[in-house]
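Novice: With the hints as your guide, set chain X onto chain D.
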Amino acid sequence: MTSFRDNGMSPYPIELLERLYRQMLRIRLCEESFVQPILDRDILCPCHLYSGQEAVAVGICASLNDSDSVFGTHRSHGHFLAKGCSVKELVAEVYCRDTGCSRGRGGSMHLIDPARGMLGAAPIVAGTISLALGAALAYSIRGENSVAVSFFGDGAAGEGVLYESMNFAALKKLPIIFVCENNFYSTHMPIRDCRVESSIFKIAEPFCMRGVEVDGNDVLKVYEAGNEAVEQCRRGEGPVLIECHTYRFRGHVGPDDNIQGTHTDIRPPEEIQAWFAKDPINRFEDYVLTGKLFDEGMLKRIKHEVAEEIADAHVYAKNSPYPHPEGMAEWVYAPNKPALRRP
Amino acid sequence: MRQLSYSLAINEALHQLMASDPSVFLIGQGVKSPWYVGNTAQDLLERFGENRVIDTPVSENAITGAAVGAAIAGMRAVVVHPRMDFMLYGFDPIINQAANWYFMNGGKACVPVTIWGIVNRGGEQAAQHSQALQSMFAHVPGLKVVMPSTPYDAKGLLVASVRDNNPVMFIDERWLYGKLGDVPEELYEVPLGKGVVRRTGSDVTVVATSYMVPEALTAADELAETSIEAEVIDPRTLKPLDEEIICESVRKTGRLVVVDAAWKTCGFAGEVSALVAENAFDFLKAPIRRVTLPDIPAPASRTLEKAYYPTHHNISTAILSILHR
Chain D
1111 MTSFRDNGMS
1121 PYPIELLERL
1131 YRQMLRIRLC
1141 EESFVQPILD
1151 RDILCPCHLY
1161 SGQEAVAVGI
1171 CASLNDSDSV
1181 FGTHRSHGHF
1191 LAKGCSVKEL
1201 VAEVYCRDTG
1211 CSRGRGGSMH
1221 LIDPARGMLG
1231 AAPIVAGTIS
1241 LALGAALAYS
1251 IRGENSVAVS
1261 FFGDGAAGEG
1271 VLYESMNFAA
1281 LKKLPIIFVC
1291 ENNFYSTHMP
1301 IRDCRVESSI
1311 FKIAEPFCMR
1321 GVEVDGNDVL
1331 KVYEAGNEAV
1341 EQCRRGEGPV
1351 LIECHTYRFR
1361 GHVGPDDNIQ
1371 GTHTDIRPPE
1381 EIQAWFAKDP
1391 INRFEDYVLT
1401 GKLFDEGMLK
1411 RIKHEVAEEI
1421 ADAHVYAKNS
1431 PYPHPEGMAE
1441 WVYAPNKPAL
1451 RRP
Chain X
104 MRQLSYSLAI
114 NEALHQLMAS
124 DPSVFLIGQG
134 VKSPWYVGNT
144 AQDLLERFGE
154 NRVIDTPVSE
164 NAITGAAVGA
174 AIAGMRAVVV
184 HPRMDFMLYG
194 FDPIINQAAN
204 WYFMNGGKAC
214 VPVTIWGIVN
224 RGGEQAAQHS
234 QALQSMFAHV
244 PGLKVVMPST
254 PYDAKGLLVA
264 SVRDNNPVMF
274 IDERWLYGKL
284 GDVPEELYEV
294 PLGKGVVRRT
304 GSDVTVVATS
314 YMVPEALTAA
324 DELAETSIEA
334 EVIDPRTLKP
344 LDEEIICESV
354 RKTGRLVVVD
364 AAWKTCGFAG
374 EVSALVAENA
384 FDFLKAPIRR
394 VTLPDIPAPA
404 SRTLEKAYYP
414 THHNISTAIL
424 SILHR
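Protein chains in written order, with this note's numbering: chain D, 1111 to 1453; chain X, 104 to 428.
One chain only, chain D, in its complex shape (with noise of 0.2 Å):
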């Protein structure tokens, strides 16, 4: 974890450090809130847990407002609650209520809050990586200073796609952050298996572009890493790849399993214990405690807090109604304005 300055205060405000560690929080009570829905079967969809992770979106996140954009993934639970969107309306979207983000049409890998800058999150590994380019090339077209950022894993590294667009990028100079989520694995497989060099964070080399590897379960270094990229992103100065190296502490698919159903990781026990060592919440407690910036009461308060916000959650997407079938046709096409008069 980032070291203190001499005097044993912290070079970071502590609203920005209560506001890392609510959001890392709020993310891993949530996702941990999940489990038991999911192995009770009262929970359908698909969910790819973010715990573990909390500390990539949180990072990133923390340097964007509302005019910047995150495109995410199949796993982007926790890039929707780090944007700072609804726990309610994304704990009705995994229960798949109409009262969910998208109403109960896109479940838990189709993310979106148009208004808090989550423009989207998809499945096709890779599929969201051209959106955020596009996203940015919006922003340089328009000549505003806002960033895109396009948050992948790994696996992604595999697909076309990701050069095309940081070509175009570098090329373009647009605003964007491509940040890659290295968990090590692409679903079952482990990069070893994928890759012949597992730097992904090298792959900008060639287009020229910055590109930077950091500690993806230490909030603070990715904090840094963004803000910088942020910064360069707004000065013009735009794309810069950051690779983050995390752990997802649950199965690719599920609470603990690698294919739904089976209760099997097919990853080491000693691996995953060892990253459990790195847990990026406990890291980060024992940062402010060590520093004395908050106190055992303050981190009991945020506990509670959170844990209410989230029971409250999923009460509220209980109780929320299913999407009613009358409705099916429903957001197939958009509407239009009358069209132009025909001379």
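Because the hints were derived from the structure by calculation, they are not lab data.
Below 27 Å or equal to it, Euclidean Cα-Cα: the simulated DSSO-like pairs (lysine-lysine) are:
1. X:Lys367 with X:Lys388
2. D:Lys1283 with X:Lys135
3. D:Lys1198 with D:Lys1428
4. D:Lys1447 with X:Lys297
5. D:Lys1413 with D:Lys1428
6. D:Lys1283 with D:Lys1312
One side only, chain D facing chain X, incomplete, derived with CB under 7 Å:
7. Arg1213
8. Arg1215
9. Gly1216
10. His1220
11. Ile1222
12. Ile1234
13. Ser1240
14. Leu1241
15. Leu1243
16. Ile1251
17. Val1271
18. Phe1278
19. Ala1444
20. Asn1446
21. Ala1449
22. Leu1450
Simulated restraints on C-beta separations:
23. X:Pro343 with D:Glu1415: 45 to 55 Å
24. X:Phe384 with D:Glu1419: 52 to 62 Å
25. D:Glu1347 with X:Pro160: 15 to 25 Å
Keep in mind it's a predicted model, so treat the numbers as computed, not measured.
We treat Cβ as the ideally placed atom computed from N, Cα and C, and that holds for glycine.
Specialist: Same frame as chain D, but now just chain X:
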């Protein structure tokens, strides 16, 4: 009225759209190059600059996705593929992303992108420089598919496509680029989903798309000399389809020939046939006929090309085969 070629009608639509709406931009491979896009992009770069007229490296997947993403982020994007064949790298952003986006996000974000795919065939260009894939796109919910057959429609449908809040496949045909026709000078829309009766007749309904419309009209004129009156319908939009204009005509004529210069199996011609079989079966006096490409990849050699592409002769033969039963 003022006459303009089909390709310059497209060009004028782009000029007027970009002049009237700063959110409209054009991106794609070869927008600087007449070799790629004919004169459809003429003077756009000079007038609107590199910021809004963006020539790109050969990266169809990312560039199509960028157009889709820009649309999600509030632009009205037009992405051009100078050959539809090249667009297949963009299937993911078109089908998985753009077509589904509005629905799977519960109507929270629409995707006003026009995906312009040019059918550019003939001249011994062979299988990967010739394909007309409108039926594949018309299969997908969330997409709209238009195929203009006249300069008037080329302009009006492009304007309507770009102003539409949904992803629209604008599929034009290089074989029509030199065709002249009346084109109003002002900005106007030909509404998506509205077909047009190109010629009235009482004996048979001919539904034809794109460059088969003029072929169908030629066939109808020839048959008129033997007192056979064909009604020619140009749906203009394949999806959403103006079902009523087709069914109403068949209820009058009792016969249907569908002409689409694309493959037969699971194609648009089959879709129109099924529509009529479901909705106007009791009015049919004869079997439905389809005039399409054979289920064969496009060949190179001129002798094979001549046999491959249907003309007004094939349409006349099809009409006569169901009239003289």
